[in-house]
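**Student:** Quick note, the sequences are listed as chains A and B, same order. Remember, our numbering sits 56 above the position in the first sequence when you count from 1. Remember, our numbering sits 56 above the position in the second sequence when you count from 1.
Source of the hints: derived by calculation from the structure; they are not laboratory data. Some hints could be false.
List of simulated lysine to any residue pairs, SDA-like, C-alpha gap at most 20 Å [stated by the list, open to error]:
| no. | chain 1 | residue 1 | chain 2 | residue 2 |
| --- | --- | --- | --- | --- |
| 1 | A | Lys264 | B | Glu148 |
| 2 | B | Lys157 | A | Arg359 |
| 3 | B | Lys157 | A | Ser156 |
| 4 | A | Lys369 | B | Lys157 |
| 5 | B | Lys157 | A | Leu290 |
| 6 | B | Lys157 | A | Arg351 |
| 7 | A | Lys157 | B | His187 |
| 8 | B | Lys157 | A | Gln126 |
| 9 | B | Lys157 | A | His187 |
| 10 | A | Lys157 | B | Pro121 |
| 11 | A | Lys157 | B | Thr297 |
| 12 | B | Lys82 | B | Pro121 |
| 13 | B | Lys157 | A | Arg120 |
| 14 | B | Lys157 | A | His254 |
There are 2 protein chains.
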Amino acid sequence: MPVNANRTTLATVARLAGVSVATVSKVVNGRSDVAPQTRSRVQELLHQHDYVAPALRRTEAGARPTIEVQFAGDLRSYTAEALDGIVDAAAEHAVSVVISKPDRAPHWARDLVAAGRRAVIAVTSVYTAAHLDALTRAGLPLVVLDPLHLPHSDVHSVGSTNFAGGLAATRHLLSLGHRRVAYLGGPASAVCNQARMHGYRAAMEAEKTPVPRSYVRPGEFTYQTGLLGTEALLDLTEPPTAIFAGNDEIALGVIETARTRGLRIPEDLSVVGFDDTLLARMASPPLTTVRQPLREMGGVALRTALRLADGEKIESHHIELATELVVRNSTAPVQP
Amino acid sequence: MPVNANRTTLATVARLAGVSVATVSKVVNGRSDVAPQTRSRVQELLHQHDYVAPALRRTEAGARPTIEVQFAGDLRSYTAEALDGIVDAAAEHAVSVVISKPDRAPHWARDLVAAGRRAVIAVTSVYTAAHLDALTRAGLPLVVLDPLHLPHSDVHSVGSTNFAGGLAATRHLLSLGHRRVAYLGGPASAVCNQARMHGYRAAMEAEKTPVPRSYVRPGEFTYQTGLLGTEALLDLTEPPTAIFAGNDEIALGVIETARTRGLRIPEDLSVVGFDDTLLARMASPPLTTVRQPLREMGGVALRTALRLADGEKIESHHIELATELVVRNSTAPVQP
Chain A
57 MPVNANRTTL ATVARLAGVS VATVSKVVNG RSDVAPQTRS RVQELLHQHD
107 YVAPALRRTE AGARPTIEVQ FAGDLRSYTA EALDGIVDAA AEHAVSVVIS
157 KPDRAPHWAR DLVAAGRRAV IAVTSVYTAA HLDALTRAGL PLVVLDPLHL
207 PHSDVHSVGS TNFAGGLAAT RHLLSLGHRR VAYLGGPASA VCNQARMHGY
257 RAAMEAEKTP VPRSYVRPGE FTYQTGLLGT EALLDLTEPP TAIFAGNDEI
307 ALGVIETART RGLRIPEDLS VVGFDDTLLA RMASPPLTTV RQPLREMGGV
357 ALRTALRLAD GEKIESHHIE LATELVVRNS TAPVQP
Chain B
57 MPVNANRTTL ATVARLAGVS VATVSKVVNG RSDVAPQTRS RVQELLHQHD
107 YVAPALRRTE AGARPTIEVQ FAGDLRSYTA EALDGIVDAA AEHAVSVVIS
157 KPDRAPHWAR DLVAAGRRAV IAVTSVYTAA HLDALTRAGL PLVVLDPLHL
207 PHSDVHSVGS TNFAGGLAAT RHLLSLGHRR VAYLGGPASA VCNQARMHGY
257 RAAMEAEKTP VPRSYVRPGE FTYQTGLLGT EALLDLTEPP TAIFAGNDEI
307 ALGVIETART RGLRIPEDLS VVGFDDTLLA RMASPPLTTV RQPLREMGGV
357 ALRTALRLAD GEKIESHHIE LATELVVRNS TAPVQP
């Protein structure tokens, strides 16, 4: 596999130096057929742009190409399942996977290049603008798995069809006769949450079912949001008979608040989650949820990262895999 | 940090060649003050023992020391939390963590050494005897986190006080007035399961509470074992009023079977889990469980692996961290 060519940096330096990329490449590779003045100008610019020489980037004999996977906070069920997909795909491609949390050290991205990393995969949006900038300057390809925010078109990302998932979850509840359906979601600013919520709205509108303002509650993608949001929803004068939760953790909070209020799920309240992590499969009752193919998404992220590291052009900067409704025991026809 | 000295191999080769370790070391380091005949005999033996020269093992400038963490099967909640502890400790020590699943390739362990790995951490018992043998021959230190089977005294391992945890869980149930307490556990052959079960037996005996044969059921550490085992226990003529489950996944299966039979937890049936993964915190009701300090265990495993890689002698080949009972809402006084 060719060494990551650090293409962006080489092209930038060529442009600034007023020479061809081939000339810059000659300087980098220590070839003698470059005028001394050109050589020193190019070397200066390479230094300014944090270019890391191939000698430093090349991994030694026996070492596999290595991808760095970064995640923030705790390694939860969701991240773990995506990571599992990355590890399996990496084994197929004889690639090593290093895992870490984002670093704030100034030479962070350069250090990754120097340590032989070929590319970085970020699980959800863990980087600041400064991080992204450092990666670009170091010429290190990045793939974001399930971005929370709308990625720049120069960042590659892998997600799932959140809108279609929201639509399917809500249609399922409507088909069971529910009309008082609420959405208890994640951060209002997160694009994946917006897409799920708009899928919900689209399904409700298609059935000409009004959505009271109080039925749409943003929060965090946490159990706590599920607990407290359900309290608020059940305190309404017209409480919902069904709740579409923005992810499985929120849905587990819904189940627990229902229990403490003496409501049975699904007889008295239906709930649908999102993600289909092991939390959904082991909930009581087992959770009807929208499956994100997390393992497959991890595999696509790994393969995209490798293609970028090889200097390939990727057909689209964002790819979405299909979500799928998985019906279990937390949803039932509305009580007459 | 000194390069892993591959001490076992050097000592073995020295013994077989009838020379001192210092002489073998001279051969390895290319020193000239060794008789040619001795040199070739030692080199032949080093080759036979899969010795990897330091030149191949040394990582390049800029690369951090790297530890390989291996786990089998899916990256579940339990493994993910231990891994999280390893990653945090690795960041503190400026060490990189590569994750993978065990490989069956013949040169597996040698390849890890050649790729610059300083040590291996296995999360639970993932290795065959052949794996262990290959690691020993490659001189690669190994630490097993929470071994399922009694580790050899030449394998280093980190676990938790399973017996004390089983004792605490059962005493808690006894203190709530339960006398019909069952143990629904993992594999009968797993030492951690045996320790939990004997903790349970010890607590029952101390209270002179008989344990019917049918009250102790081994299985797997899975939700499925919880579902089916609870069916069997509740079908007994004298069903238990409380179940101590061998881990949290089993406990979630207990909760679900209780629900399908119309039994309320904790009013009609108390249940205690083991591990305190996020599954316990998000169960409905939140699970009373025995906490294994998984993150801390991961940190100890990482530090032990680094000390072994540095050639340090570790005070004990097995270390256990304390378990702790966490009382939540799945246990209540026995019904009169």
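**Student:** Now, for every hint given, state plainly whether the structure supports it.
**Tutor:** For each hint, the structure was consulted:
1. Lys264/A to Glu148/B: violated, 56 Å
2. Lys157/B to Arg359/A: holds, 18 Å
3. Lys157/B to Ser156/A: The hint holds at about 18 Å.
4. Lys369/A to Lys157/B: violated, 31 Å
5. Lys157/B to Leu290/A: violated, 46 Å
6. Lys157/B to Arg351/A: Cα-Cα ~15 Å, so holds.
7. Lys157/A to His187/B: violated, 30 Å
8. Lys157/B to Gln126/A: holds, 19 Å
9. Lys157/B to His187/A: Distance ~30 Å between Lys157/B and His187/A Cα, so the pair is violated.
10. Lys157/A to Pro121/B: OK: Lys157/A and Pro121/B at ~17 Å, within 20 Å.
11. Lys157/A to Thr297/B: violated, 45 Å
12. Lys82/B to Pro121/B: violated, 25 Å
13. Lys157/B to Arg120/A: holds, 15 Å
14. Lys157/B to His254/A: With a Cα-Cα distance of about 40 Å, the restraint between Lys157/B and His254/A is violated, given a limit of 20 Å.
This entry does not satisfy hints 1, 4, 5, 7, 9, 11, 12 and 14, going by the numbered hints stated previously.
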